[in-house]
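Engineer: Sequences and hints are given; from them, build the entire structure.
Letter by letter, the chains look like this.
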Amino acid sequence: MTFSEPSAVPNLGETTPLVPPIAPAREVEVDGHPGPGLGHRTLTEPYLRIENVHKIFGSFVALKDIYLNVYPGEFVCLLGPSGCGKTTLLRIISGLEQQTQGRVIQGGKDVSKLPPSMRDFGIVFQSYALFPNLTATQNIAYGLENQKLPKGQIATRVKELLDLVGLEGMGHKYPSQLSGGQQQRVALARALALSPGLLLLDEPLSALDAQVRVRLRAEIAELQRRLGITTVMVTHDQAEALAMADRIVVMDKGYIAQVGTPSSIYQHPSSPFVANFIGVMNFLDGVVEAADTVRCGNILLHAPSNEVPVGQAVSIAIRPEDMRVADIATDAPNRVEADVVSREFLGAGYRLDLTLSGNARQPITLEISANRARNLNVEALEALSIQLPPEMIRVFPKE
Amino acid sequence: MTPTSSPRPLRIDRTRAIDAEAWIMRFFLTLGALWLLVGVVLPLIPMVGRSFRDNSGAWVGLANYWQYLTTPSLVQSFINSLTVALTTTLLACGLGFIYAYALTRTAMPGKQVFRTLGLLSLYIPPLAVAIGLIFLFGNQGLMTTGLFGSLPGWNINLYGFNGIVIGEFLYCFPQAVIILMTALNLTDARLYEAAEVLGASTVKTFFTVTLPSVKYGLVSAIFVCFILAFTDFGVPKVVGGNFNVLATDIYKQVIGQQNFAMGATISVFLLLPSVLAFGIDRIVQRRQTALVSAKSVPLQPKPNPALDRAMFAFCALVAGFAIAVFATIILASLVRVWPYDLSLSLKNYDFGGVGGGGYRAYWNSIRMSLYTAIFGTVIVFIGAYLVEKGRGLAWLRSAKYVLSTIPLALPGLVLGLSYVFFFNNPIWRIPFTGMAIYNPFKGLYGTMALLVIVNIIHFYTVCFLTATTALKQIDPEFEAVSASMAVPFYKTFWRVTVPLSLPAILEIGIYFFVNAMVTISAIIFLYPANLPLAAVAIVNMDDAGDISAAAAMSTLIVATSLGVRLLYSWLTRGMRARSEAWLSR
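In order, the protein sequences belong to chains A and B.
This note's numbering puts the first residue of the first sequence at 212, with every later residue one more than the last.
This note's numbering puts the first residue of the second sequence at 641, with every later residue one more than the last.
I should point out that these hints are in silico values taken from the structure, not numbers from a laboratory.
Be aware that one or more of the hints could be misleading.
[To be verified] Okay, derived cross-link-like pairs now, DSBU-like style, lysine-lysine, Cα gap no bigger than 35 Å in a straight line:
| # | chain 1 | residue 1 | chain 2 | residue 2 |
| --- | --- | --- | --- | --- |
| 1 | A | Lys370 | B | Lys1131 |
| 2 | A | Lys362 | A | Lys324 |
| 3 | A | Lys324 | B | Lys1029 |
| 4 | B | Lys1029 | A | Lys362 |
| 5 | B | Lys1112 | A | Lys370 |
| 6 | A | Lys384 | B | Lys1131 |
| 7 | A | Lys275 | A | Lys324 |
Structural biologist: If you want it as structure tokens, here you go:
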């Protein structure tokens, strides 16, 4: 899914109608997969299929019309606000919860009605659920011992797993003697001990403090790729999902809102909800003026990727970091003037709250690097020219 | 996480028939439900049924109730029971509140000591308390005779209302203190700081912050004390004199006159207020919401010399009274012939010339209490585990929860009498059908086993709630994690749940043991002649006038209960040291 560079636009001034360039051909996404880099998987059978799953608690519909394919070796994140049904879906995949309707097929076998103990998965919970009266070694060996494996083989296996998660020599410690990050690694090793076909992670990082979380998320993702284990993770943290997942399933109120690779979801959110949930998004009120043009007050914006009928009220979306503030040619498309309302220093850059000139006076937020801010002398800045690059604009019809 | 090589995958066979697990769980759930059905529900049916029949078994409808309500002496007993229960509740909860307040909200010195002393009478059976009262306030008592004539005497007219209320007070007081201390401990210091900043007076703060926050605890304490005092048998039996209450009436009807029909009728009158109080308490407690959040700041009491001194004096007085009763029992048991020969001797511990069964009764009681503790703990804990952590059969689990809480509302005498009707009957007539079946449990009647069963049921609810609370604190994902590793639930139960719940399990065992040791009401109708029991022996010795021997037996029971409690502290200290590694969090 690539966009052609915007074609040259005639200089017709800022508030005059823009002649739309030829819209880039869009690849139509079906079911959100496969994204770039996963193309070969279209030929593979999915390892996990969720078919038409519904879950109803009393009168509350927790999940509705869930269809999802997870391919072998893939890392899929279920992402959404609390109450969106992502944890319920994970529990249905594991068999800890029974779906009201629909099927779960794992490794070509229908496991819909099987209890958790007869399914093939390892799980890490937010609380880790480490047995506090057993050492790290005993925790990891817990499932192995039940398989009646020889003692020597268990010991070798546990040592391998401790090495794998970077806890060499820590096996004799009890969970309470380990740090949060170390407990998390023990839980991961325990989940991997029986070489499950599927790894389920239920908010595995949210109990950790920020720095450990960032380090561990890279390590888990690296480990997952090395082992090639099909993984489904639940998280409410979009940064975590963007950093770790091959594909993200964005959920809202029991529905799947969008499925796709992190970059495609970030760049091409399919709805204002997704746009707002993943990253920060500016929304401007407008009306479709012509096929590729939207009107925002008395400003006309060129918006090529727009398939909304003329006359429809729309939200015009653009990310704060996607706007340009310097080196804008006077004839550049979508060049608008804005007044600075307030500025906030973020360390690595600045956030500017602006209002667009013209009669709409709509607020818009802009993020720029510290370097650029210095060049602009932001602290004294009262007004500036910005460009809303046409290829960065998304247009959503209003409901 | 940067090892050189990844471990080779393991081949695991998960297709074994682990579904048997679900059936094991169902089997035990059903077994537990049957146990509660036979132990709690079914025996009540013939008991209530009996109140509609005369002594020959013929159906008489409400005739027994009519007879009861038109016999002034019987109605008087009902009024007496109510008066005693209400007076005791007022005293125990009122003084208990001040005592608990002093222990939790003031900077009074010696709080730890007062805490232990205030709870001392938990280990003294009401019967023993009554024996102690006789030696203090009876006709030949220390106070009545003014230390045998050396001081002016003080006669409180022990036998009757006064004696019963004092005895029940000592019985109920520690229960009220425990409940109210828990309620007073659960508070948020920030509320008091807010009240102070807003300029509220001490009195206003007490009525607007303190009282509302302990409301539910206070309600619970009131109902618990009411039920205990309303249904207790031991104290009125010993110091009641001619002041009849419902519990002693049942005993007289059944043991004295063999009038089982009237015994059953009075039992219903004893049962109804208890069930009512229990039901109201349940409804009120359900409305309770968490007052204390994770962010609450514990209250640190500030010194207030005047208040602290007054509280110290009050606590010293109350604790001093409990100690006086306790000390008098021991003293009386050691005096050769009270009040004529005050030389000390162990003669009263001989039990040679007195009835009741002597040491045989004592050892029987210990045996019964041990069995009750062992089997009761196993049954209660597994039952609570299946209700709390079980999967499937949700309706059966909620039914089991309700059944497990019912025994708290059943007075011991009612339970005992129900067991007589239910287990001593060779055939059961099924009501309204005219059909009858052979009673498969008849063989249990008159055995140690039935005594153990009635004790387990009698004290079931408190133990069940203790186990449930402990289980709720265990991560609910343990079972899920085990299932993901194809480990059956019973292995995780044994390897993780039981070790983590060990403090609660031992606490339950102690509770069963101590209560089985001192109980009288549930077993007085059930014990067979060849199985004399210590607590019953106290009643028999008192009946025969051998109250010094009764004091000696009381001392033995109290010493045993306290000994077991100390043994427990010592054992758990050893255990804590051993498992410090994982309890140190």
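Engineer: Each of the hints needs a verdict: does it hold here or not?
Structural biologist: These are the hints, each one checked on the structure:
no. : hint                  : verdict
1   : A:Lys370 to B:Lys1131 : holds (24 Å)
2   : A:Lys362 to A:Lys324  : holds (34 Å)
3   : A:Lys324 to B:Lys1029 : holds (21 Å)
4   : B:Lys1029 to A:Lys362 : holds (31 Å)
5   : B:Lys1112 to A:Lys370 : holds (34 Å)
6   : A:Lys384 to B:Lys1131 : holds (22 Å)
7   : A:Lys275 to A:Lys324  : holds (19 Å)
The structure meets every hint from the earlier list without exception.
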